[in-house]
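Colleague: Got chain A; can you put chain B on it based on the hints?
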Amino acid sequence: MKVCNEIKRRIDEADNVESFDLDITRHAAVCDDCRRFAGERAALKALIASTARVNAPLNFEAVLQARLAEVKAHRSLAWLNAAFYLRAGAATAALVAALFVAQYNGLFSGPPAGQTNAPDPTSPVAVVTPSTNPSSVTSTVDDNTRAGAATYSAELTHRESTIAVNGVTGRRLRATNTGRRNAGVPLVTAAEAGIGDGGAIFIPGRNGEHDITVPTVSVGAQPLIYVNSGRQQQSARAVSVSF
Amino acid sequence: MATVIYQAQTIGFSGSRSIEAASDHELLEVIRDGDEAAFQEIVRRYRNPITNFIYRMIDDYERSVELAQETFIRIFTSASRYQANYSFSTYIYRIASNLAISELRRRKRRKFVSLFSPFTNDDGEAVEMDPPDASPLQDETLIRDERRKAVARAIASLPEKYRAAIVLRDVEGLSYDRIAEVLQLSEGTVKSRINRARNLLKEKLTAYI
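Protein sequences appear in the order of chains A and B.
Read in the working numbering, the first sequence has 134 at position 134, and its numbers run on one by one without any break.
Read in the working numbering, the second sequence has 111 at position 111, and its numbers run on one by one without any break.
Certain hints may be false.
With the C-beta cut set under 7 Å, the calculated list includes, among others, these residues of chain A facing chain B [as the list claims (entries may be wrong)]:
#1 12
#2 51
#3 53
#4 54
#5 58
#6 64
#7 67
#8 101
As a list, the in silico BS3-like pairs of lysine-lysine whose alpha-carbon atoms are at most 25 Å apart [stated by the list, open to error]:
#9 108(B) <-> 2(A)
#10 45(A) <-> 108(B)
#11 161(B) <-> 149(B)
#12 2(A) <-> 202(B)
#13 202(B) <-> 8(A)
#14 191(B) <-> 202(B)
#15 202(B) <-> 45(A)
#16 161(B) <-> 8(A)
#17 202(B) <-> 149(B)
#18 202(B) <-> 161(B)
#19 191(B) <-> 8(A)
#20 149(B) <-> 45(A)
#21 45(A) <-> 72(A)
#22 161(B) <-> 191(B)
#23 161(B) <-> 108(B)
#24 108(B) <-> 149(B)
#25 161(B) <-> 45(A)
Far from chain A, some chain B residues (derived; all Cβ distances over 12 Å) [stated by the list, open to error]:
#26 20
#27 22
#28 24
#29 81
#30 87
#31 88
#32 89
#33 139
#34 145
#35 149
#36 159
#37 160
#38 183
#39 198
In case anyone wonders, no lab produced these hints; they're calculated from the structure.
All C-beta atoms in this analysis are idealised placements derived from N, C-alpha and C, irrespective of residue type, glycine included.
One chain only, chain A, in its complex shape (with noise of 0.2 Å):
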C-alpha cells in the first residue's frame, strides 16, 4: 500500500503520461489499483486539454494602446494629485516654522531703522553699566563711538535692564514683585516690560515665585505670546492678548 501511494504520486506528478519510469511500469503491470489510477489521470489531463484555448480579440492591441495612452495621460498629471498637495502643504508648513524659529532667535529683529549695521566690534566699544533705574540707562561711551552704536548699545541696555530688571535678581526681586503684588499695581513696568522694542518681559509665573521670561512675537493683527516659564519640559504654550 505504502509503495502503491509512493507510486501514485509519482505518476500524478510525472510530466509525461505516455513514459514512466521503469520502475513505476513494472509496478503498474501487476497493480490493477496504481494502473487504474494513471489511466485515470491520463485520460483527465487529456480532457483538460482538450478544451479550446480562447485567444486575445482582434482589437485587442488597439484597445491596449489607448487604454495605456489613458494612462501615460495620468501619469503625466499625477504631480497634480492629492500626494501632491501633501508634499506642497508639508513643505510650506516647514517652510512657516523655520521664520517662525528665525524670528523666534531674533535674526530678524535688527537695529531700529536707519541703523542697519551693528557696531564694528574692532571699533571702540561702548561700555554698559546696568542702571537700578528703569527708566534711567546710564551708558559710558567712548568719546570716539559713533552715535549708531552708541544707541545700538543704549538698546542693548535697554533689553538687559528689563532681563535683569536694572540688575535686581533673585530674592529682591521676587520680593519687588510680590510687594506690586499686594500694592495691586502691575507687577511690571511698560518700560520694564520693553514692549515697545518687543523686548523681554517678566511675569508672574502660575504659583507666583517664578520670573518668567517672554519673547513677544506678532503675526500679523493677532500678537502671540509664547511662555517658557524655564522648565524644560513644558512646553510653549499660546495666550491671547491685545494691545
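Modeller: Using the frame of chain A, we list chain B on its own:
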C-alpha cells in the same frame, strides 16, 4: 502582420536584427526606455496565453480580456522595476495570476448567489455543486461543446488556490518549479494543490473520463 525591424542604433542591439528574434529580457531592457515596438512584440507573444490563463481562472471572457490588458499595462509601467531574477514568463504569469485572484476575491465579496447552491469542501471553502450529467449524449458537436463547458465549469468551481495551480499546470503546461515561482509557493505545496485539484476534477468529470 508587418515585421517590425529592430533598429540597433536606436535601441542598442548589435546590427540590424529582427525584434522577433530578441529574447524577452532583451525586449524588457528597451521597453524601459519607452520603446513601443518592443512592447508590441511582448504583447504579441503573450496576449493569447495570458488571456486564456485568466479566462480559465475567472470563466468570463470579457473580463479576462480586460485583465490581460491590465497585465500588459503593468508590464509597461513597471518595466523599470523589473529584475531578471526569474524568466519573464514567470513574471507576467505572476501579474496575471494576482489580477485573476483579486478578481475572484472581489466577486466573492459581492456574494453572488449561484443557482448551484454553494457547498463547502474539506477546507471549509465554498464549492459549487456540479453534479455529473448522466444523460445520454446525442451528437458529436454537442458532445464536444458540452464536454468543454463541463470542464470549464469544473475548473471554475475549484477553490482559487487549487484553480491557479491546476490551470498553470494542465492548461498552460508550466513546470512545477515555474508554478512555484509564479504563485510564490514551495514546490511541495504546488504538487499537493495540483493533486487535490485533480482529485476534485475527477469527481466532477466522471462522465467524461
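Colleague: Hint by hint, which ones does this structure get wrong, listed from lowest number up?
Modeller: 5, 8, 9, 10, 21, 34, 35 and 39
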